[in-house]
Amino acid sequence: MTYLGRSRKEDLKTLAEELGLVVGENFKMIQLTELISKSDNYYEPLVKGMLQVITEERVAKEATALLEAENLRKAQVLAAEKENVYKQQKYELEKTSTTARMSALICLGCPVIN
Numbered sequence: 055m056t057y058l059g060r061s062r063k064e065d066l067k068t069l070a071e072e073l074g075l076v077v078g079e080n081f082k083m084i085q086l087t088e089l090i091s092k093s094d095n096y097y098e099p100l101v102k103g104m105l106q107v108i109t110e111e112r113v114a115k116e117a118t119a120l121l122e123a124e125n126l127r128k129a130q131v132l133a134a135e136k137e138n139v140y141k142q143q144k145y146e147l148e149k150t151s152t153t154a155r156m157s158a159l160i161c162l163g164c165p166v167i168n
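Quick note: to get the working numbering, add 54 to the position in the sequence shown (first position is 1).
One or more hints might be untrue.
As the list claims (entries may be wrong) - Pairs of lysine-lysine, PhoX-like flavour, derived with a Cα cap of 20 Å:
#1 128 / 144
#2 136 / 115
#3 102 / 67
#4 115 / 67
#5 102 / 136
#6 92 / 63
#7 63 / 115
#8 102 / 63
#9 92 / 115
#10 92 / 102
Said to hold, decoys possible - Computed Cβ-Cβ distance ranges for the label pairs, DEER-style:
#11 139 / 100: 54 to 64 Å
#12 116 / 146: 42 to 52 Å
#13 59 / 80: 27 to 37 Å
#14 118 / 57: 34 to 44 Å
#15 129 / 98: 24 to 34 Å
#16 84 / 109: 11 to 21 Å
#17 119 / 59: 22 to 32 Å
#18 109 / 82: 44 to 54 Å
#19 136 / 60: 16 to 26 Å
#20 84 / 114: 25 to 35 Å
#21 149 / 64: 54 to 64 Å
#22 59 / 125: 28 to 38 Å
#23 121 / 95: 33 to 43 Å
#24 143 / 122: 37 to 47 Å
In short, the hints are calculated from the structure, not lab data. Ideal Cβ positions, reconstructed from N, Cα and C, are used throughout, including at glycine.
The task is simple: from the sequences and hints, build the whole structure.
Structure follows, in structure tokens:
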């Protein structure tokens, strides 16, 4: 039964619910472990296996959420980089266009050399 004490509260709540037990919102860890261990459905190997699966599913969900958050962050960074490249290219194009117009205006005012 010590394995119950090493578990997370959220996992114990899920386990208790899967065992068909009524869990109060404010149950403490000790109350959850007692509720589970004193249940009519308590069979240690089965409960231990169920808890392991519940824990693995939670860990997998957390890992997926972290991965999704990281992918979102990378996508935002990439979008910002693309925006910066676009702005830089636009600036360079405007600069080149302005330089070309200035050169054309200067040449219009220049005397033709024979």
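Structure-based check of all given hints:
1. A distance of roughly 24 Å separates the Cα atoms of residue 128 and residue 144; the hinted pair therefore is violated under the 20 Å criterion.
2. A threshold of 20 Å between alpha carbons decides the hint, and for residue 136 with residue 115 the separation of about 31 Å lies outside it, so the pair is violated.
3. A hinted pair counts as satisfied when its Cα atoms are at most 20 Å apart, and residue 102 with residue 67 qualifies at roughly 14 Å.
4. For the given pair, residue 115 sits about 17 Å from residue 67 by alpha-carbon distance, which is consistent with the 20 Å threshold.
5. At most 20 Å may separate the alpha-carbon atoms for a hinted pair to count; residue 102 and residue 136 exceed this at roughly 51 Å.
6. Taking the CA atoms of residue 92 and residue 63, the gap is about 17 Å. The hint holds against a cut of 20 Å.
7. In summary, the hint linking residue 63 to residue 115 is supported, as the alpha carbons are separated by about 16 Å, within the 20 Å threshold.
8. Using a Cα cut-off of 20 Å, the hinted pair residue 102 and residue 63 holds, with the two alpha carbons roughly 15 Å apart.
9. For the given pair, residue 92 sits about 29 Å from residue 115 by alpha-carbon distance, which is inconsistent with the 20 Å threshold.
10. With a CA separation close to 14 Å, the supplied pair residue 92 and residue 102 stays within the 20 Å bound.
11. For the pair residue 139 and residue 100, the beta carbons lie near 58 Å from each other, so the given range of 54 to 64 Å is met.
12. At about 45 Å, the CB distance of residue 116 to residue 146 agrees with the hint of 42 to 52 Å.
13. Here the CB-CB span from residue 59 to residue 80 is close to 19 Å, at odds with the stated 27 to 37 Å.
14. A hinted range of 34 to 44 Å for the beta carbons of residue 118 and residue 57 is inconsistent with their spacing of about 25 Å.
15. Range check, residue 129 to residue 98: about 46 Å between beta-carbon atoms, so the 24 to 34 Å window is missed.
16. As the Cβ distance of residue 84 to residue 109 is approximately 19 Å, the hint placing it in 11 to 21 Å holds.
17. Look at residue 119 against residue 59: about 26 Å separates their beta carbons, and that is inside 22 to 32 Å.
18. Separated by about 19 Å at the C-beta atoms, residue 109 and residue 82 break the suggested range of 44 to 54 Å.
19. For residue 136 and residue 60, the Cβ-Cβ distance of about 47 Å falls outside the hinted range of 16 to 26 Å, so the restraint is violated.
20. About 28 Å separates the C-beta atoms of residue 84 and residue 114, a value consistent with the hinted range of 25 to 35 Å.
21. The hint said 54 to 64 Å for the Cβ distance between residue 149 and residue 64, and at roughly 58 Å that hint holds.
22. Between residue 59 and residue 125 the CB atoms are about 36 Å apart, so this pair conforms to the stated range of 28 to 38 Å.
23. Distance hint check: the CB atoms of residue 121 and residue 95 are about 35 Å apart, consistent with the given range 33 to 43 Å.
24. For residue 143 paired with residue 122, a C-beta distance near 31 Å fails the hint of 37 to 47 Å.
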